[in-house]
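There are 2 protein chains.
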Amino acid sequence: MSDFKPTARTRIKRLPKRGHYERETVNAILDAGLVCHVGYTIDEHPYVTATSYWREGDRVVWHGSSASRAIRAVKQAIPVCFNVSLIDGLVLARSGFHHSINYRTVMLFGDAAPIEDPDEKLASLEAFTERLFPGRWAELRPPTRQELKATTVLAMRIDEAVAKVRTGPPVDDGEDYATTRCWAGVLPLKLAAGEPVDDGRLLPGVGLPSYLKGFDLEAYGKANAAAAE
Amino acid sequence: MSDFKPTARTRIKRLPKRGHYERETVNAILDAGLVCHVGYTIDEHPYVTATSYWREGDRVVWHGSSASRAIRAVKQAIPVCFNVSLIDGLVLARSGFHHSINYRTVMLFGDAAPIEDPDEKLASLEAFTERLFPGRWAELRPPTRQELKATTVLAMRIDEAVAKVRTGPPVDDGEDYATTRCWAGVLPLKLAAGEPVDDGRLLPGVGLPSYLKGFDLEAYGKANAAAAE
Numbered sequence: 001m002s003d004f005k006p007t008a009r010t011r012i013k014r015l016p017k018r019g020h021y022e023r024e025t026v027n028a029i030l031d032a033g034l035v036c037h038v039g040y041t042i043d044e045h046p047y048v049t050a051t052s053y054w055r056e057g058d059r060v061v062w063h064g065s066s067a068s069r070a071i072r073a074v075k076q077a078i079p080v081c082f083n084v085s086l087i088d089g090l091v092l093a094r095s096g097f098h099h100s101i102n103y104r105t106v107m108l109f110g111d112a113a114p115i116e117d118p119d120e121k122l123a124s125l126e127a128f129t130e131r132l133f134p135g136r137w138a139e140l141r142p143p144t145r146q147e148l149k150a151t152t153v154l155a156m157r158i159d160e161a162v163a164k165v166r167t168g169p170p171v172d173d174g175e176d177y178a179t180t181r182c183w184a185g186v187l188p189l190k191l192a193a194g195e196p197v198d199d200g201r202l203l204p205g206v207g208l209p210s211y212l213k214g215f216d217l218e219a220y221g222k223a224n225a226a227a228a229e
Numbered sequence: 001m002s003d004f005k006p007t008a009r010t011r012i013k014r015l016p017k018r019g020h021y022e023r024e025t026v027n028a029i030l031d032a033g034l035v036c037h038v039g040y041t042i043d044e045h046p047y048v049t050a051t052s053y054w055r056e057g058d059r060v061v062w063h064g065s066s067a068s069r070a071i072r073a074v075k076q077a078i079p080v081c082f083n084v085s086l087i088d089g090l091v092l093a094r095s096g097f098h099h100s101i102n103y104r105t106v107m108l109f110g111d112a113a114p115i116e117d118p119d120e121k122l123a124s125l126e127a128f129t130e131r132l133f134p135g136r137w138a139e140l141r142p143p144t145r146q147e148l149k150a151t152t153v154l155a156m157r158i159d160e161a162v163a164k165v166r167t168g169p170p171v172d173d174g175e176d177y178a179t180t181r182c183w184a185g186v187l188p189l190k191l192a193a194g195e196p197v198d199d200g201r202l203l204p205g206v207g208l209p210s211y212l213k214g215f216d217l218e219a220y221g222k223a224n225a226a227a228a229e
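The listed protein sequences correspond, in order, to chains V and F. Residue numbers for the first sequence follow our numbering, beginning at 1 and rising by one. Residue numbers for the second sequence follow our numbering, beginning at 1 and rising by one.
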């Protein structure tokens, strides 16, 4: 796995120590996330669309209705900025200025193309489901031809990429440690799962599947990273 | 409070029942969020930057280093797409096609301008801190002139806006309820706070402030919505 070369768009100029160009760091963040924000421009106007995504080796993949404006625009191979941002905590310092957020973010630049081959498309949708819920694909009613036609799957190579990460406690100015009487530290945040709620129409004997017990996005991200290679 | 008129950019064409143009709905989502994604275009290339934000009446406000590329670009009054997306749950259906995400999202279009007046700028930064941590501003070492200069505060009017919301259980095709033996329902997700971790350098007698006990982004969003008017 080769690392990324900083480009004019990905070079971190401010706080450069927060920038990371190792492919392993970029992939780990992509594997831990659920939703990305896709930025694109139509008629000189920027749009940002949030959507779920997954990683397959050296590409990210997302999908949507073939009729959606965002999907129809992006499949024309226009430039895209693909952003994943994981919020890990609020950083409370002794001055307003040094308050911050602990985060892991990835920005990718490139353009996306639809996966047209029917088998490749189906395999990619299966990978998306299995990434979140291992074993579920085989339980589902298989997709129909019409459903596959109504779904566009877009892939974008992970070529031009940068990760940016902040961790750890606040960094205060020296004199403030001695003179400012306030609590300082980190309030951890994470996207956490609650108790699953069934829809009240389960067939007799259908129980809670193992993939929903103790569901943990971060844990599955680590566990499934290898599968994406 | 007047509601929003759909425009070419904000009219929801697909699944229009998910679109909402009431100002109250838009504001409630903005008040419940912590991080936005700002989309903008430089030299025909889209960028998406995640950052914290807050709402003050009929504008959203965010800030950053005066030296940051994102801040310097956006303060030139270029077109901006401002996106807030709250992920409420994974929706598991009986077919892959009907899987979904429960979410609340807001898209705003417009352009941003820096808050130049020093008093207004300071009041806005105070509002940002107090929104998250009521009472904290008075505990902090006040900002210096240099810190205020190094910080740019951007405001954008909430003029062209749309909310999009999905809630509730999966909606499956009729026959699948009878024939597909799998669990179906919703796995709730929320950005949840863990236990606060102090930085080990608190002055003697400084304890955990009340605003960090039982911190709940959604609850503070509701509680503080009135304050933003």
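Please keep in mind that the hints were generated in silico from the structure rather than gathered at the bench. Check each hint, because a few of them may be wrong.
Since copy identity is lost for identical chains, a pair holds within one copy or between any two.
To be verified - Cut-off 20 Å, straight-line C-alpha distance, at most; resulting in silico cross-link-like pairs (EDC-like, lysine to aspartate or glutamate):
#1 Lys13 x Asp43
#2 Lys213 x Asp111
#3 Lys190 x Glu218
#4 Lys75 x Asp172
#5 Lys149 x Asp173
| task | With 20 Å as the alpha-carbon cut-off, assign the pair Lys213 and Asp111 to within, between, both or neither. | result | neither (37 Å within a copy, 45 Å between copies)
| task | Can you give me the call for Lys75 and Asp172, within, between, both or neither, at a CA distance of at most 20 Å? | result | Intra 46 Å, inter 28 Å, cutoff 20 Å: neither.
| For Lys190 vs Glu218, is the C-alpha pair at or below 20 Å within one copy, between two copies, both, or neither? | So Lys190 and Glu218 pass the 20 Å test inside a copy (9 Å) and across (14 Å) alike.
| request: If the cutoff is 20 Å on CA atoms, where do Lys149 and Asp173 land: within, between, both or neither? Let me know, please. | output: Between copies, since 17 Å is at most 20 Å while 58 Å is not.
| field | Within, between, both or neither: Lys13, Asp43 at alpha-carbon 20 Å | value | For Lys13 and Asp43, the Cα distance is within 20 Å only across copies (18 Å; inside one copy 29 Å).
Going down the numbered hints, you'll see the structure goes against 2, 4, while the others check out.
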